[in-house]
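Engineer: Once you have looked at the hints, place chain B on chain A.
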Amino acid sequence: MMEDQALTVSNLNISYAAFRSKRIRNLFSERTKDVESIHAVKDLSFSLSQGEVLGVVGLNGSGKTTLLRAIAGIFSPDSGTIDLHGNRASLMALGVGFDPELTGRENIILSGMMYGYTGREVREVLDEIISFSELGNFIEYPVRTYSSGMHSRLSFSVTSFLKTDIMLVDEVISVGDAHFKEKSRARMQEMIDDKKHSVVLVSHDEELIRNTCDRVIWLDHGSLKMEGQTGVVLSGYYDFLAGCEGV
Amino acid sequence: MSNCLKYKEYILYAAGARLKSEVSNSYLNWVWWILVPALEMIVYYVVFGLFIKIDEPYHPLFLYIGVTMWIFFSKCVTGSVDLVRQNRYIIVNIFIPKSVLLMKDILVNVFKMMLSFVIIAIMMVCYRIPLSLSMLYFVPLILILVIFTFGTCCIILHLGVLYEDMGYIVSILLNIAMFFSGIFYSIERLLPNIYGYILGNFNPVAFLVICMRKAMIYNGDVPVTGVVIWFVLSIVLSCCGVCLIKNNENNYVKLR
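So the sequence lines, in the order shown, correspond to chains A and B.
So for the first sequence, this note's numbering puts the first residue at 1; every next one is plus one.
So for the second sequence, this note's numbering puts the first residue at 1; every next one is plus one.
So that you can see chain A by itself, here it is in the shape it has in the complex:
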């Protein structure tokens, strides 16, 4: 059974404010104490199977993004464990590590290497990335000369072509003009559906979660409120939302 697992999260707890930046003049005063501690994720346990798409729903501030960052290794848990079973997990984010003075081509390599891929791995998909971005000759121009749409197209293309075992998606990204928006949305859908990756998908889009996810967890103030079949959890969640609006 464990062989099928891509990710196991056990009794995960994450708090903020452990590293609240201080001013030296407050060092010896009462204000030094970290009074504002936010317990973002509370005693959370769940697992993800190979090729499974797990949806995460919850109100803003319920700990969804913190959870994704912890799985990506960006946050360290205060207690509990995250076992990736040897898989590589990457958070889908746009334009990480881009240098505006470098060309589009150089930025693809730089960003890819920053994600921990070797130069060879990045160069293997370089042509696909350039072709998908539809930037043509602009790929040899400094990124500072790009329009915001071109910048988004390049950064989306980089993110979507670097292979990872567990995709961590914080809202499905679709960028650029109407044509590229549709293209990027289709690409994201293709990546989620291909069953080669396991996916943890955070979204407020009910239709997307309903059509895409095999299973859903619902977070409320950092705790697991409900876990199970997509339809069942979504019904519970949207009934809860309707109740909130009625109050």
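Treat the hints loosely; a few may be bogus.
Calculated lysine-lysine pairs in the DSS-like style (CA-CA distance at most 27 Å, straight line) [stated by the list, open to error]:
| hint | chain 1 | residue 1 | chain 2 | residue 2 |
| --- | --- | --- | --- | --- |
| 1 | B | K214 | B | K75 |
| 2 | B | K20 | B | K8 |
| 3 | A | K183 | A | K196 |
| 4 | A | K163 | B | K8 |
| 5 | A | K181 | A | K196 |
| 6 | A | K195 | A | K183 |
| 7 | A | K196 | B | K6 |
| 8 | A | K163 | B | K214 |
| 9 | A | K183 | A | K163 |
| 10 | B | K6 | B | K53 |
| 11 | B | K20 | B | K75 |
| 12 | A | K42 | B | K246 |
Calculated from the structure, these hints are not laboratory results.
Structural biologist: Leaving out everything else, chain B in the frame of chain A:
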């Protein structure tokens, strides 16, 4: 060490990219990397050599070596204070060891320092300084400077995350340290014996600058024991610094 190997390709590529990016819009391009220490050397030479009449054999070379090594150290330390904040978008989106970001910045400054040493070598030829075996100390001295600087930067990086005031404090401390590192005067000749001895041996930057001048221009005896001691201490400092960052780096992103 494992991070260094895993991200070796990134460190090299990113350092090259940074160098290219830094000068891409300036008229004088990479010439600035030589001009800055050269102009500082000229200012110190005019003030201390011509106005205050402090005379040292091969004075321009004496100053250029000190200024080059000091600029490397101070730039690395200054850059490390805000490294995490400046790379906030990166560190909230992907995991990358923060020591790797530091190594990239240090490599950029190592390259600039080496370029200045090429100019120093050319000046040595012009001054007809004879070749000597003591010049072989160049490699270990530079190595110690880089390792010591890396260790110092690791600790400053960590403190810079915790305390917002570190930028101001580091800037003041660096100013004081510059005056006590014999960058534009000879600690051994101008300070009373005991102070000269303490500064020249217990201030690592002063010690390395003195040794480098002895090795490169004065064909003097470089104290081997001191070199070995500072090599070991620099390694220990770097190991402590890397451990400090490694144990805390996943909490840096929680900074608000």
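Engineer: Compare the structure with each hint and give your call.
Structural biologist: Here's how the hints hold up against the structure:
1. B:K214 / B:K75: 24 Å, holds
2. B:K20 / B:K8: 19 Å, holds
3. A:K183 / A:K196: 20 Å, holds
4. A:K163 / B:K8: 20 Å, holds
5. A:K181 / A:K196: 23 Å, holds
6. A:K195 / A:K183: Judged against 27 Å, a Cα distance of about 20 Å means the pair holds.
7. A:K196 / B:K6: 25 Å, holds
8. A:K163 / B:K214: 54 Å, violated
9. A:K183 / A:K163: At roughly 19 Å apart (the allowed maximum being 27 Å), K163 of chain A and K183 of chain A satisfy the hint.
10. B:K6 / B:K53: Since the Cα atoms of K6 of chain B and K53 of chain B sit roughly 52 Å apart, the hinted pair is violated (cutoff 27 Å).
11. B:K20 / B:K75: Distance of about 18 Å is within 27 Å: holds.
12. A:K42 / B:K246: 25 Å, holds
The structure shown violates the earlier hints numbered 8, 10.
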